[in-house]
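Here is what each chain is made of, one letter per residue.
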Amino acid sequence: MLESNKDSAKLDAMKRIVGMIAKGKNASELFPAVVKNVASKNIEIKKLVYVYLVRYAEEQQDLALLSISTFQRALKDPNQLIRASALRVLSSIRVPIIVPIMMLAIKEASADLSPYVRKNAAHAIQKLYSLDPEQKEMLIEVIEKLLKDKSTLVAGSVVMAFEEVCPDRIDLIHKNYRKLCNLLVDVEEWGQVVIIHMLTRYARTQFVSPWKEDDGLEDNEKNFYESDDEQKEKTDQRKKPYTMDPDHRLLIRNTKPLLQSRNAAVVMAVAQLYWHISPKSEVGIISKSLVRLLRSNREVQYIVLQNIATMSIQRKGMFEPYLKSFYVRSTDPTMIKTLKLEILTNLANEANISTLLREFQTYVKSQDKQFAAATIQTIGRCATNISEVTDTCLNGLVCLLSNRDEIVVAESVVVIKKLLQMQPAQHGEIIKHMAKLLDSITVPVARASILWLIGENCERVPKIAPDVLRKMAKSFTSEDDLVKLQILNLGAKLYLTNSRQTKLLTQYILNLGKYDQNYDIRDRTRFIRQLIVPNEKSGALSKYAKKIFLAQKPAPLLESPFKDRDHFQLGTLSHTLNTKATGYLELSNWPEVAPDPSVRNVEVIELAKEWTPAGKAKKENPAKKFYSESEEEEDSSDSSSDSESESGSASGEQDEGDSSDDSSEESSSEHGSDSESASEVGDKRTAKRNSKSKGKSDSEDGEKENEKSKTSDSSSADSSSEEESSSDSESESESESESESRKVTKSSMLPVMALFVRERGSKRKSQIILSKEKEKKKTKQDRNPLTKDVSLLDLDDFNPVSTPVALPTPALSPSLIADLEGLNLSASSSVISVSTPVFVPVKTHVLLHRMSGRGLAAHYFFPRQPCIFGDKMVSVQITLNNTTDRKIENIHIGGKKLPMGMQMHVFNPIESLEPEGSITVSMGIDFCDSTQTASFQLCTKDDCFSVNIQPPVGELLLPVAMSEKDFKKEQGMLTGMNETSTVIIAAPQNFTPSVILQKVVNVANVGVVPSGQDNIHRFAAKTVHSGSLMLVTVELKEGSTAQLIINTERTVIGSVLLRELKPVLSQG
Amino acid sequence: MIHSLFLINSSGDIFLEKHWKSVVSRSVCDYFFEAQERATEAENVPPVIPTPHHYLLSVYRHKIFFVAVIQTEVPPLFVIEFLHRVVDTFQDYFGVCSEPVIKDNVVVVYEVLEEMLDNGFPLATESNILKELIKPPTILRTVVNTITGSTNVGDQLPTGQLSVVPWRRTGVKYTNNEAYFDVIEEIDAIIDKSGSTITAEIQGVIDACVKLTGMPDLTLSFMNPRLLDDVSFHPCVRFKRWESERILSFIPPDGNFRLLSYHVSAQNLVAIPVYVKHNISFRDSSSLGRFEITVGPKQTMGKTIEGVIVTSQMPKGVLNMSLTPSQGTHTFDPVTKMLSWDVGKINPQKLPSLKGTMSLQAGASKPDENPTINLQFKIQQLAISGLKVNRLDMYGEKYKPFKGIKYMTKAGKFQVRT
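One line per chain: the protein sequences are A and B, in this order.
Going by this note's numbering, the first residue of the first sequence is number 1, and it counts up by one from there.
Going by this note's numbering, the first residue of the second sequence is number 1, and it counts up by one from there.
Don't read these hints as lab results, they were simulated from the structure.
There's no promise every hint is true.
[Claimed, not checked] Taking beta-carbon pairs under 10 Å as the criterion, some of the chain A residues facing chain B (in silico): (1) Ile101; (2) Met103; (3) Val185; (4) Gln272; (5) Val291; (6) Thr362; (7) Val364; (8) Leu512; (9) Lys514; (10) Tyr515; (11) Gln517; (12) Leu577; (13) Lys580.
C-beta: ideal position from N, C-alpha, C; glycine also.
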């Protein structure tokens, strides 16, 4: 039929074949006929052929090759689903010969435009890896690339591939960590599970433990956990209060909504994440969700209960409110019953034990005898754990001894034995009662237990014991081995204590034992005989026989079978089985010192900050030596406002000011310290030269810093005070202020993330109760998102930092922006990543002269920040000065006259400006990558003035960070028409690297590209509107000439820039 | 991840196998059969069974074992949840999920499984998307297919998977636009001998059947949302709105889906709508026992209780029962010792009762525990927790949909200890 021309016949045939496959019958002899149809037009036939191929290709490798070309063709299909399915089948064919083809296909698919195809590529990675592990290195490259992918569709699959292929390459995650955290909510549910498990491992290696020492102490008292690492943590955290890494917080916060998922696996994954990485005080929220899962199918219940059992051993409190949810129903399967029982036992305490015992009474009567027996054991455990109820339990158990069911009685005897052993007090009555039972009970364990008990307490029941021995001697031969051994023991013990009555009996038993079939019993008999029966050969040991037999024996500990499971990660297969499953990845202990968190920063260059959690900053950073004039001033103005921001009336802009100030400090320190001791700053970054005026004296600097640190220190209970041990006051104050400012940065970055989280629809109020130490900081964090939110939307709040001098502050710190971008998924491609401006010129332009503005003067200035109002806009800051002696009211922007396509985001009207006052506002203008003038009217209450802003070409750019390699690659693509060049002649002293750098960045907002050659300087930027690259190369030639080359698609701007750069570079 | 899947019926035959990676021999199931034997009851087969080289994770539903074979560490719930999703999908496709149905539709089953997993990792599990990829068989389509030779594989490519709203396909059209919501609450309770409540909690779900044209954006608000203690949503619900305003805002999937499941905590007092009076006694000497139960309404808020079924697992010693019900029918299976009494409606004026004697095995001692009674019932037009939907609004589309809300209370795991 497969040869038939009609599709319906073929289809019918294929259906039958698939039916055969499904039943497990071998259909491989049909392979050639089937493969022919791989190119069929009919989709269903095709699909079924795929099914067949995947199943049998491994067995018929040569023939399978026939189909490859079809897939290769399909890989180029314009339809993404066809491409995807071709890749899927191609990669599922396990034929080693086609590995190179697969590799190629995966590589191509990973760059496909369709996220669906990329998702399939991620799947294919695993398949190829299992087929040929040799390809690992290449595959890791693909994984690295796909990890950068911003589609939610891809994220889950690629993390799965990562876990399969290279779970130890944690370094690949760093850059994508925040993105993954933020994407998590939108990833499909299966991907969520995988990502959460991966991030749990990640967090355990990258963050320090949030389990605080006082927590540990308290808990140790209560004996909740006794893990070793707790101890370790205590010692290393003793001095440093803990501050949670914002990334750590981000993860915990972003996973919380997933507790509401309908997928049990996701809920469990989040639960284990909280269990393993969140502060102990926050774990509680998972219990409710886990209890909810108990409603679902028995299999889910089974797994969840197992995990709850483990958790409830360590932390009773978590599940105590849900005690009743664990009550057993008679319809539950036995395995569920026993697990519930286990949990109930773990949860038992003085307060609830009476209710529990009543509940247990019902269980004991259950028809499910196995369960009843388990209940009795449970009662025993409760009795040992809670001393108040020991007697009650014992009495209850004794009552059970009269139960008709043998299993119940036997179990009771065993448990009573254990209990009595723990309390060797006056329980003679019980023992007597049990001795009587010996006649009726037949279960060997129970009989053995009774005998042992009598033997142990033979002095307390002197009348009964010999009698029991007599009876047992009679039935010795028919007893179970276990019982026989105990009979021997009993005999020996009685012989030692009461040899008058029992001597003969014991010898009789020993004789019986001598000829027993079981060698254990023969051995024991021989041993006992030698030990207790005095004969001429007996050595020194027999003197101590009594001591040996009747020594005080330690009571057994009744422990939970789940006690030792906690070393497995919750929710894993290994945990369920309590053995290590293949491929189980151990959850590492918390690192003592957090690895450098800056690795997670998405932008390489600008986020040079080294903010190890504030409390952990061990080394002082001597890097901050040089401040430019302006920064210094900002510093002081900021520090005065610092206290305000703490006081609760804090508004966002101060924080921003702080962080901007901080980051500029950072960047300047980075620049300045290259030659000196960039001890920790400069690790991975490329060296940059400082173009700024160095030479601010250290001492002055230190003084100012000191002041600042004092004002700010008092307001926040901060770790820095802990470091006060050092003596050097100057460096001390510096380090303090440093950690202080870092802290501020951190807290100001958190809100930004929070903002993002909110925008992504997953923000919730944090209702987490934090311990005292962190409360303060926390409230600050909580408050900030709100204020920040407002400030980003409301221009008015945005930048009223009224500095008397017209020295505009950058509105948003570069680092902040960069972070925004790092989180922003719509950011441009990886090569073109915007970095911070190397240099911000202070040159201002006159917008409105005070004479023509009737006393209102306006200056504008380009802060070289990515604009917050739109990513195609250039941000412009306008400083307004009132030079009159009266108030100027209602300053706003009136009519706009903009060329085609140009757009402008105006500042919010300013209500009033005091005499001699000044105010800085920021606005965004989309110049459409042209140097055309933006004309608009600046209006006050009374007047309107027409003003113009014409951007210098250098301001239409945003600096870009790229490597030399990328630069060359891009340059190679922008040759010919896109290249303009000129030759410059100037004095040699003008061609020192620092001078060139300074000159270029002064004119244009470009980023420095690290260069391997001394005589070539490269700069890269992109245009703000279109995002096209602008590459500037200055190549020094012999003599005093240099070649200036500009490569860009926007040739007009390129040539204008060339014209502007040329005179600047050539002049002295 | 998931290596292979075996479907095993209750008599221990493997009737379907599917492999996503290399083929795993059927013999791996022997370990499963071993465990099955040990467990005696199907319910007690452990869901996770380790074997030397593989791990078998199974779920048991509709008298079929779905056994997944995995090789490496994987969260067990991941696999179990997926298997349940497979069963749900089959049910969705074929109406019932049973051995004959699966055997009849083996090709569709295979195609669906192929789409659901790629290399053992779930690919498309949303039933809406699957139905676009592979059309579920209907009688009409089967007839048409046999005549025209067309297929049940969608030639349209699914849009949902690639769109922003992955659970809804584009271009949905209905002449009657309707949206129905069923608020169904189940009472889980354990009542002790004396009739006092040991534990009781309410689990509720809101099932929706939405047949609306285009891309409607719905909001559903409650009169008393604070009742809901713990909720889990369909992915379509915007969590943020719920957190801030306690309003369900969502773009619904097309057709039937579970919008929300919730839990009303045990802390709130739960009204128990029925009581059971029972008098079951065995005597030591005689081989006869007395049996008498009466069911009556309690706190029903004026609604009638319907569909009452009483079941009880009698002790092994009971040989037979001779009972007379005042209404309804009863059966006693002497093999499984299961007593079942289909009561029907409860008439408050004339309470239904079941009286009679039990004959016990001669010579056997009396069972030490009285059987527990399981109860099933339904109350229409009542949500026992008091939850009420306030209003349903639609945005994004112009037409006026027909809206309907139904309430129902059911017994969940409702047990009376005697």
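Consistency of the hints with the structure:
Interface hint status for Ile101/A: violated, as the beta-carbon distance to the closest one in chain B is roughly 17 Å, over 10 Å. With a least beta-carbon distance of about 16 Å to chain B, the hint placing Met103/A at the interface is violated under the 10 Å criterion. Here the hint on Val185/A is kept, as its CB sits about 8 Å from the closest CB of chain B, short of 10 Å. Taking 10 Å as the C-beta contact cut-off toward chain B, the hint placing Gln272/A at the interface holds, the least distance being around 8 Å.
Interface restraint check for Val291/A: the shortest CB-CB distance to chain B comes to about 8 Å, inside 10 Å, so the restraint holds. Annotation: interface hint on Thr362/A holds; nearest CB of chain B at approximately 6 Å, less than 10 Å. Look at Val364/A: its Cβ gets to within about 9 Å of chain B, closer than 10 Å, so that hint holds up. A cut of 10 Å between beta carbons decides the hint on Leu512/A: the least distance to chain B is about 35 Å, and the hint is violated.
Given the 10 Å rule on beta carbons, the hint for Lys514/A is violated: about 39 Å separates it from the nearest Cβ of chain B. Given hint, Tyr515/A at the interface with chain B, is violated; its Cβ is 37 Å from that chain's nearest Cβ, farther than 10 Å. Hint on Gln517/A is violated. Least Cβ distance to chain B is approximately 30 Å, over the 10 Å limit. At a threshold of 10 Å, the smallest CB-CB gap from Leu577/A to chain B is about 5 Å, leaving the interface hint in force.
Annotation: interface hint on Lys580/A holds; nearest CB of chain B at approximately 8 Å, less than 10 Å.
Checked against the numbered hints listed earlier, the structure breaks hints 1, 2, 8, 9, 10 and 11; every other hint is satisfied.
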